[in-house]
Structures are given as structure tokens and as C-alpha cells.
Amino acid sequence: METEVLIIGAGVTGAGLGRDLALRGVNCIVVEAKDINAGASGANNGLLHSGARYVSNDPVSAQECRDESRLLKTLAPGCIEDTGGLFVAVAGDDEAYISEFPRLCEQHGIPVQELQRQEALELEPALADTLIAAYQVEDAAINPFRLSLENIAEAEAHGARLLTHSEVIGFERSGSRIRTVHLRQNRSAREIVIEVQQVVNATGPWAGQVVSLAGLSIPIIYSKGTLLVTQTRVTKSVINRLRPPSDGDIVSPGGTVSLVGTTSVGLDAPSPCRPTLSEVDLLVDEAASMVPVLADMRYVRAFAGVRPLLAEEKVTDGRTLSRGFVVMNHEEEGLSNLVTVTGGKITTFRLMAEKTADLVCSRLGVKAPCRTRTVPLASAEINQWTEPGLAPRIWLKQPNPKEPLLCECEMVPLSAVDQIIDQLKAKGETLNLSAIGLRSRVGRGSCQGAFCGFRMTAHLYERNELESDQGLIQLRQFLERRWHGLRPVLWGPQLAQEELQEALHCGLFGLEG
Amino acid sequence: MADTARDKADLIVIGAGLAGLATTAFAVESGLKTVQISLTAGEMPFASGLLDLLGIHPMERLNRWQDPWAGITALIHDRPKHPYARLGLEKIRQAWKEFLVFLQKAGLRYCGWPESNAELVTCAGTLKITNQVPETMWPGVLGLKEKRTALIVDFEGLNNFSAVQFVETIGSHWPALRAQRLRFPYPLKGVDRQTVFMAEALRSPQGRSRLADVISPFLKDAELVGMPAILGLRRPQAVASDLERQIGVPVFEIPTMPPSVPGLRLKEAIEQELLRGGAVLVRGRRALKVNSNGRRCISVELEAGLAKETLKARGIVLATGRFLGGGLAASRSCIRETLMDLPVHQPKKRQDWHRQHFLDPHGHPVNRAGLEVDDLLRPLAADGHCAYENLFVAGSLLAHQDWVRMKCGAGLAITTAYGAVQAFIDCSR
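Line by line, the protein sequences are chains A and B. Counting in the numbering used here, the first sequence tops out at residue 1232, every number present. Counting in the numbering used here, the second sequence tops out at residue 449, every number present.
Think of the hints as simulated: they come from the structure by calculation, not from any bench. Model, not experiment: these values are computed from the prediction. Even for Gly, the Cβ is constructed at its ideal location relative to N, Cα and C. Each hint should be verified, as a subset may be incorrect.
Residues from chain A that keep clear of chain B, each with C-beta distances beyond 12 Å, as calculated [stated by the list, open to error]:
| hint | residue |
| --- | --- |
| 1 | G811 |
| 2 | E833 |
| 3 | S965 |
| 4 | D987 |
| 5 | P1123 |
Reference listing, derived: stretches of chain A covered by chain B, where coverage requires no fewer than 3 residues with Cβ under 8 Å from a Cβ of chain B [what the hints assert, rightly or not]:
| hint | segment |
| --- | --- |
| 6 | 729 to 735 |
| 7 | 1168 to 1175 |
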């Protein structure tokens, strides 16, 4: 196999880069150790930042977010819910910071509008009575799964290839160049070798580990962020705490649910990364001081991701580090065809891809300009199933009693799952419960897979995708994976739900044996 | 109110799961004036209909017991705080025997070997160890044992049961199976009560003969036919034998996901028999409070619209279940007993409630939380003595047991129900 550009990592940056290069007519392959958005791209609060959050300590990120969020609202509206956002302070918050905020926003050209207390409470009735200040900004919600799936799909439509579950295990160098990249396909344990002209390392927090295979090093700080998913949506818009960035500052809408985040905890390595109970408690307590209903809310799960942050020297508090990104050319370290892009955030993914593609194209002598600033992101119907709340809307508009629902919590019909299975098979990708879950809302509702996990397994048997007891192995893996997110939120009604799940899966089916 | 039991009951039972139903049954059989109260219809739609006694001990070794009595003897020796150890082997045997007689009286026939557990195949195609099996599932137990040639059928549009999955998954243990998808003779309604609808449809002889017509063409060499548990909500033996007569081979039911027809059937049959025995069943009403005088409980306050109703009794049995049943409630900081705020034995902090892996064979410590009791199944107060001399606990609310992992759910419910009623009678003397 050979390619002009090999992109390592199918998070939103790798996906965006694949699309950027493909639109410039450059031949590329995206390789991914797990699946699309398996890392930080799939574990964030889905927030399209207006830039306001960074005005006090990270003006470059603030301005990049301002420009990129505007661009994405026009070019990728299918992935965005333009909710607007509020910055709110409650009694006890730093008054000096509050009064400085609108001035800083204006200084960086970020639109901000002061609201009267009453106006803010009418707009967002869930806000605390202790509210002392509120400013309206242009934040929005973005669906990271749909964004990556659409970028990959458009890249593929223009000739790019995606290889999932394919992990880079080594580079073969010839002088200052990487000549071939060696991959292991994790499902089949088969090794493949790809001849390359350029290699891009877009692996986020794993960037350091990947370049170490070529004998280089990058000083990455691993900052773990934990988030909570509520059972129902609590606010219309994105709610930010008006204070220097800290834990439990943001409540953002994700379709029919809200996401509460985040924490920032230093880690020694990018994985494994699981949410803990103490992080969950911290988030609930902090966020409830802005939105009191969150204290008694039912949470369906928690999740954690690792932010790749860059530092000149080792620091322990990830909060103070820039959320900016870097594109490294590695030429000083003696490699002329490797680029690493890391840091950044989902709001700036397109810009990261553009800057990286510019460098790669200049090396390849490709003159074609970047087109992602002007060409709208193509939208494919199949990727809509990642959108929370969409399936119930479709179902209510057009109930089809003949078509069984595979997932009752999120009302995902069987035909949607069939579409996804067909697509995975057509592309030769790994077909399992997790791959289907990633591309739809199956398993993400309040039952957290208790019923739909079983039904998906049954459906795969019926399609002859599974034989003998393979389904039990898949079901066990699926349930264990969901457990990471479920365990920290087990109290109240969610614990009762878990009790039912265990009675079924262990009491009746005996899956523990 | 005309009903004397309602004026002053001997025993009030709170809860309508299997433990509450069994307690009421034992009380009525002992001639006690009994009132059973519950807010909901109970958890029986979640019950498989199988009567587990003891399948696994110790659970961390996943050790299966063919002889449940030997297993219980070992459990009593190893785990002196387990509710079975409070009861002792003889009471457990007596309770089990008497309850099976009661079920027979209620018109539900169960099958099983007196000294041995049975194995059957669940809707997931997994093997399940249990003790007493509804008669309509028994041919499946024998079929598995003898590796008979069987046709497994499922139905278009039916969620939660797949014949292909069943046949593939159990294939290495029971190879002579064939899967066939059929069209149920009546269009399936809804998404969440399909099996109940199908069971209702099979009440009529016409429904059964139409189903027989659908099955027969695919029979070929099959010696028996397995299908999801839908053979009627009442008198399932009659439904099964009518079908068998028409298709010519035995049929058997396979336990399904909730709502479970055999669970509902069990509830329905027991309740009818309880009413015949003179019990008062109060449904849809929340028990608000238990009134006491010193160490004696004297009455239960019930929600009655906007007002309250007070029911007096000489003794009370709590069979309110765990988190799903509502007997326990968990906040982020602790687990509480919901009706009387009795002390709950529990892990010290929430971090210790669950293990890192869902399927860890050691089980989750939270599942062994619950009420601690004395040898008369009376919950303990903070001082370690029984909280009230006439308050008893039955079922999963009890601490020091993990019925899900040990496969002893029905056994726990039924034997502690028996124990609670016996203790009440002993205490009243």
C-alpha cells in the first residue's frame, strides 16, 4: 500500500485534515488505533466556543475560537445547534473578574451583551437565585461525532481512505525521511506496511508516544477532564461560570441532554482514563451553585477524556496552560516528512487542519489552496443518528408500528441500525456493538445498554454477522465499557436501573460466569 | 369498612413482590387476618417465573451446586450472617415445600427434582441454574438434558427474543436445534408489552389453533417446539396442552426479558388464591408511616387521596425490596431505608459500593447492603437490639445476601417470608 499522506488519528483533527487534503486533491489514508473519536474528540463537552471563555488568560485561543465558530456555523450547520451562551456569576464570585469580563471581550472583538438579572432568569429559569451578573455570548453546541463522521465521509468521497483498529507500531526511516509506516490491525493481528511521502501525527494526547516510535519526543502534559450527562436537558443555552476557568464551570446542551463539565487533573499517561466518583461529586456540587436543579438531577453516565496540552516546562495545573495548538515540523530533530499537530480544541479543528495541510502541501509541492474556509461540509443522512433527540422527533412525526425500535430510550429504529451495519461492512470496518453505538444513540439513553445491548446482539445474529457464542463475548465487552461511565453516577434512580440491569444480565443470563 | 381484617389485622405486609406475596400466603394459610399493601403492582413483571433456591456459592468462585440443599448447608456454614443461616436448613425445607403446595392450590404447577437443581436455556441462549420450573418450561429442561431435536420459533416484530440467537448461542450444549421466524396470527401492538399482548391472544381456542397452524408446517423432524414465554396469563398448562394436541409434539416456554409473562402469571395466581383465603390486598396506595408505642408497632398510615387512612395490626412485615422496589434509596452520601429510616448495613463510602468491573464474580458490595436482623428476622436498631418486637423483614431488603449472583432470589423471598410469619406467630404467643 502507498499514499502521499498518511494521517495518524481519526479524531476530529485527523478527520478534518483528511477532508482538507482530499479537497486539495491530495491522496491520503487516515489510520486509527481504535475508532473514530475514540480519544479526546469523543470525550468533550461539545461546545463551540465564542472565545469568551479564554479572554482573560489565552487571547490567541479566544480570537481563533471567535473566527472559527462563526465559520463553522455557516459551513457545518448540521453539526451545530446555535444555542447561544451565557456567562453567569453567583454571589461570592470575584467581582473584579466580573467587571473586567465585558471589556476583555470587546478588546478581542467578541460580541457580548450584558443582561439584567431578571432577563437572564427569564431566558434560563434553571439559573440560581443567587445570580449576580449575566452576559450573553455567541457560544453554541456542536456534535463531535457527527462532525468527525461527516469530515471522514467527505474525505472518502474525494478518494481518501480510513483504516480503523489499525495501530502504528513503527516507522522505517531512510536518512531524514520516514519511508514506510508499519501498522498492526488489532482485530486480525495482521501487520501492514504503507509507503508514504508525508506523515501527520494527529493523535492528540498520544502524539508523544507516536513520535517516540521515530526516536523523537514531545513534552505533552496530560490533563484529564471529566464530564457528566444528565437524563434531561436543563438549559436552552450554554451556561459558563463567570470566573477564572475552574472545575464544574460549564453546562452545555447536547440535544435532549445536558453535559456538565469539566475537571482538570494531571495524568502521567494518556490512558487508561476513567471518571472517578470524587470528580463526579465535585462537578455536581460546583455546577449546582449555578444551576441548582443539578444537585438532584438523574445522571445517566460520566465520561473522561485527556486534553493534550503543551508546556515548555513541566507544570501540574493544566488549567493555566494555553488551549492553543501547535504544528511541529520536526525538521530540527532531523525528520523532513513528519508533522505533528496537537493541542487545540474542537472549535479550532478546521484551522488546525488547514495549517497542517498548508505545511504538508508545501512539502509536496501541491499548489491547490485550502477549500475548507468556503466549501460547506457535506451532510450525509446516515450520520444523523448520532444526534441526540433526532430519532424521537422522526419517530413522533412518522410513527411506523411495523418497524421495531431497537433502542426504546433513544427511539432508534431497526432500519437506522441496519444502515449503519451496511455502511460499516461496505467499508470493511470492524462490526461490533461499540462501533454501532458510536454511530448512533444506541446505548446512550437511561437504560445504558441493558435492553438495547441485548437487542443489538440478537439483531447481529439475525443478520448472520455473529455465530456460536460470539454474541455473549460482544455483549460482555459492551456492558463493561458502559460500566466505566455508569459506575460513578450510581445513586438515586440510576442505581435502581442498574439493579434491574444486573438482575437481567447476571441473575437471568448469568453473564458473570 | 365491613372488612374485619381492615379494622384490625393480625399482620400487615408491606410490598407486593414475591416476598410480600409469599408472606401473605403463609400468613393466610396460618389463619391470620392479613392485609397486604403496596403502591405499585410490584416487581413481578421483572420476575422470570423460575424459582431459584441456591445455584451458586461461593459466588467469587462461581461454584455451581447440583444439590441445592448441600449448597445451602455449605452456605450456612460459610456465611453465618446470610438470611439462610438465620433460618436454618429445616425451616428452609419446610418453607419451600409449603409454598409449592400453595402454588399448586393456586393452580400453578411447577416441576423440579426434590434434591437437585435443574438447568434450562434463557432467551439469551445461556444456561441458567434454578430449582423449580413452571410446568410449561419443563419440556425444555428435559429436552436440553436429552439433547432432543427441537424447533425454536420467534415472531416477526417481537423485540427481545431471537430464535437464531438462542440456537447459535446454546449450540455447543444443545446442537439439535433449528430456528424459525413466524408471523404471529395477530398483529403485534406496541413496543413494550408485546409478550403480554401475545399471551392474551392465546386465551381463546381460536388464537391457539391459529398459532398451531402457523407452527405446524415447519415442524419436520422436531420432537418438541420452544418459544418465548407467551402461553397465556392464566392456566398456562391448558394453553400448552391445547397447542400440543394440535401440533402433535410437546411445546415449551423460554424465559424472556421483562415484562415477563410467567412473572405476571405467578402474581395473578397467587393474588387470586390470597383473595380466596380472605386476605385484603390494598393496591396503589403508599404506606406513609408506621406508628409505634415504645417497642411495639401498632399501625400503618396509608395515603388515601388527600387524607390518610390508618390500619391497625398486631404485627408488620416489611417486604419493600431494594432500590428498584423502593425499600432502599441511595443518595450520593448514603443508603437509607425509606419507610421507617431503619439502620442500613452498608459499605462505608460510595467508592466501595461497586467494583471496577461490572461482571466481577465477587459481586458488588452495595448488593449486600440492607437491613440486619435478629434470629426472628426483626430489624436491628442502632443499639444492636431488635428495633420493634413485632416488626419483621422478608426478601431482598435483608442484608448480607446477593441473590442475583447466588441465584437464590425466589428462595430468599419465600423462605424469609415463611420465617417472618413463623416468628410473628411465635412472638404473639
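Against the structure, the hints come out as follows:
No Cβ of chain B comes within 12 Å of the Cβ of A:G811; the nearest lies about 22 Å off, and the non-interface call holds. Distance to chain B confirms A:E833 as a non-interface residue, since its nearest Cβ pair spans about 36 Å, more than 12 Å. Here A:S965 stays apart from chain B, with its beta-carbon at least about 21 Å from theirs, past the 12 Å limit. No beta-carbon of chain B is positioned within 12 Å of the beta-carbon of A:D987; the least distance is around 19 Å.
For A:P1123, the non-interface assignment is contradicted: its Cβ lies about 6 Å from the closest Cβ of chain B, within the 12 Å cut-off. Residues of the segment 729 to 735 of chain A lying with their CB closer than 8 Å to a CB of chain B number 0, which falls below the three-residue condition for coverage. Against chain B, the segment 1168 to 1175 of chain A contributes 3 residues with a C-beta closer than 8 Å to a partner C-beta. That satisfies the three-residue criterion, and the hint holds.
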